[in-house]
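Visitor: The task is simple: from the sequences and hints, build the whole structure.
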Amino acid sequence: MNNSTLKNINKEDWLLWQFADSALPTGGFVASSGLEVAIQSGYVKDINSLLLFLSSSIENYAYSALPFVTDSWKIITSTSTNDDDTLILENIIKLDYLYEACTSNVITKRASKAQGVAMLTLFSKSFSKEFSNDEEKRNVGDKVIDKLKFEVRKENAFGHLPITFGLVSKCLGVSLEHAQQLFLFFFSRAILSAAVRLNIVGPYYAQRMLTECQTYVESSLEKTCNIKANDAAQTSPILDILQGRHDKLYSRLFNS
Amino acid sequence: MTNLTTNSKPPPGHGQIVCHVSSSTTRPSFSTFRASYPIKLLTPKVHSPYLAAAYIITYGGGMVSGDSVSLSVETHPNVNLMLLTQGSTKIYKQRPGKMFVNNNISHNGEEESKSSEGTRQKLNAFIDKNSLLLQLPEPTTCFRDADFTQRQSFTLQDITSSIIILDWFTCGRMSRGERWDFFKYDSGIDLILGDKLIFRDVVLLKNDKQNNNILKERLEPYECYATLVLYGPKIIPLIHFIIEEFNKIVIGKLNKMPELVWSASILSEKQDVIKGVVVKIAGVTTEVVRNFLINVALKDLEDIIGENLFKRAL
Chain B
1 MNNSTLKNIN
11 KEDWLLWQFA
21 DSALPTGGFV
31 ASSGLEVAIQ
41 SGYVKDINSL
51 LLFLSSSIEN
61 YAYSALPFVT
71 DSWKIITSTS
81 TNDDDTLILE
91 NIIKLDYLYE
101 ACTSNVITKR
111 ASKAQGVAML
121 TLFSKSFSKE
131 FSNDEEKRNV
141 GDKVIDKLKF
151 EVRKENAFGH
161 LPITFGLVSK
171 CLGVSLEHAQ
181 QLFLFFFSRA
191 ILSAAVRLNI
201 VGPYYAQRML
211 TECQTYVESS
221 LEKTCNIKAN
231 DAAQTSPILD
241 ILQGRHDKLY
251 SRLFNS
Chain F
1001 MTNLTTNSKP
1011 PPGHGQIVCH
1021 VSSSTTRPSF
1031 STFRASYPIK
1041 LLTPKVHSPY
1051 LAAAYIITYG
1061 GGMVSGDSVS
1071 LSVETHPNVN
1081 LMLLTQGSTK
1091 IYKQRPGKMF
1101 VNNNISHNGE
1111 EESKSSEGTR
1121 QKLNAFIDKN
1131 SLLLQLPEPT
1141 TCFRDADFTQ
1151 RQSFTLQDIT
1161 SSIIILDWFT
1171 CGRMSRGERW
1181 DFFKYDSGID
1191 LILGDKLIFR
1201 DVVLLKNDKQ
1211 NNNILKERLE
1221 PYECYATLVL
1231 YGPKIIPLIH
1241 FIIEEFNKIV
1251 IGKLNKMPEL
1261 VWSASILSEK
1271 QDVIKGVVVK
1281 IAGVTTEVVR
1291 NFLINVALKD
1301 LEDIIGENLF
1311 KRAL
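If you read the protein sequences in the order shown, they are chains B and F.
For the first sequence, the positions run 1 to 256 when the working numbering is used.
For the second sequence, the positions run 1001 to 1314 when the working numbering is used.
Since the hints were derived computationally from the structure, they do not count as laboratory data.
All residues carry an ideal CB built from backbone N, CA and C; glycine is no exception.
All the given hints hold, so there is nothing to weed out.
With a straight-line Cα cutoff of 27 Å, these simulated DSSO-like cross-link-like pairs (lysine-lysine) come out:
#, chain 1, residue 1, chain 2, residue 2
1, B, LYS94, F, LYS1122
2, F, LYS1275, B, LYS109
3, F, LYS1196, B, LYS94
4, F, LYS1253, B, LYS45
5, B, LYS154, F, LYS1275
A few chain B residues that don't get close to chain F, going by computed Cβ distances all over 10 Å:
#, residue
6, ALA23
7, LYS74
8, THR79
9, ARG153
Guide: Dropping the structure here:
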């Protein structure tokens, strides 16, 4: 490799590293995605049951949430112009409402909204070009995200994570495949980071388990990467019930 | 809906029910009540005012691969209509000659859906003003290698319409040691208010050819799962009762999963106005779930449907 290729870092790669960095302020650290209640209920009690929890959670999320990332990513197309923002926003909000209808338990909804809105804030504060104050230079994605934030504030939209994640990834030029992989990576990492703080696995072993999650993510993606939001499904009714009971915990560390 | 008054047979596997009540009486009647093989419709005698009931039966008490049934149900204003089945709906494995086709799995683990028939069941229901539809079937039991897909769509005319939807399934033919041995169970409910989808629940359970035990691992220790949706003004007291019961739960540290576990989620347009509730239940036996339905989740329903029908339903 010569010096010039070594110095040229692909812009998407750099963004992916930033995205994957645990310092990214998306508020995911308050979510255990049902792990805390699963531990307290006696469902997860050792490494084997934690692995089962991970594999079924990842597949469930791939069937229920990933299709919304996929559809959302596809709303802005290469032919979208600056004047398409109203139509794009309309389609984003439609998808947001569909996710709301498909998600019955309030705890999952609450976590999804909090992290989804954090994703929009992150985009505006760290990545958008809005600081330029030049209306002309703002691309359609910036405009849509701005308007979506406004609609969420007015309570006309929810800002669910799968939808905002797909939209933000698209606006940042992340490919669909990378956005899908990253979405499930985030999810796996959040569960394992919660597992460490809940003290059922140590930080080194958690990293080993995160390595194993690659297989779960790959096999889930194989089944779900082409599923449309309209065909989303739940594949683990037990996790859905447990997650719905999170607020009944006598004492708790996490928000979901 | 067209041809309400014709008595001609609907196409194979189709059934149609339209129920109304005229202003001069409290006894509803069926303006359409017809079905073709393999569906059969029966109506029992009912003594509660404004209430009618229909049994939806399949010949032989079950369905096999290739069977596809579709039912449309419509209630007119002020009618309470209850839909029942006789015994659990049994889904048998594919017919012998079709086993090969249905087990044809492509390399990526997905079934080749075009070549697989499976068993399909569809219900479209419309609930008019001040009307209540009670969909209270026995649980679905998928036998070894069964491939079942169900879609149920319930459209409420407006906020005066009410609905109770019970959708439940068991792990299989337990007497023969079958536990989560079916090929696929895919069941979806849509609840639509006017033209707006307010709730969708799709449960997809599929065995994996690489790991035959995948469903067993994920669904144990429970043998019966239920989703119950309640919505609308006619059953508001029951909806509030369920939410109060759920709010009483406090989870301390357990070492073992309890015999029955359930959760309740509020359905509402705005945070403060409760219009409905979604209850999800898992139990170590069908009886544990049934008792919970009788004693908690469908408590006092006999006030609406009468003790006699309540006992028949559950």
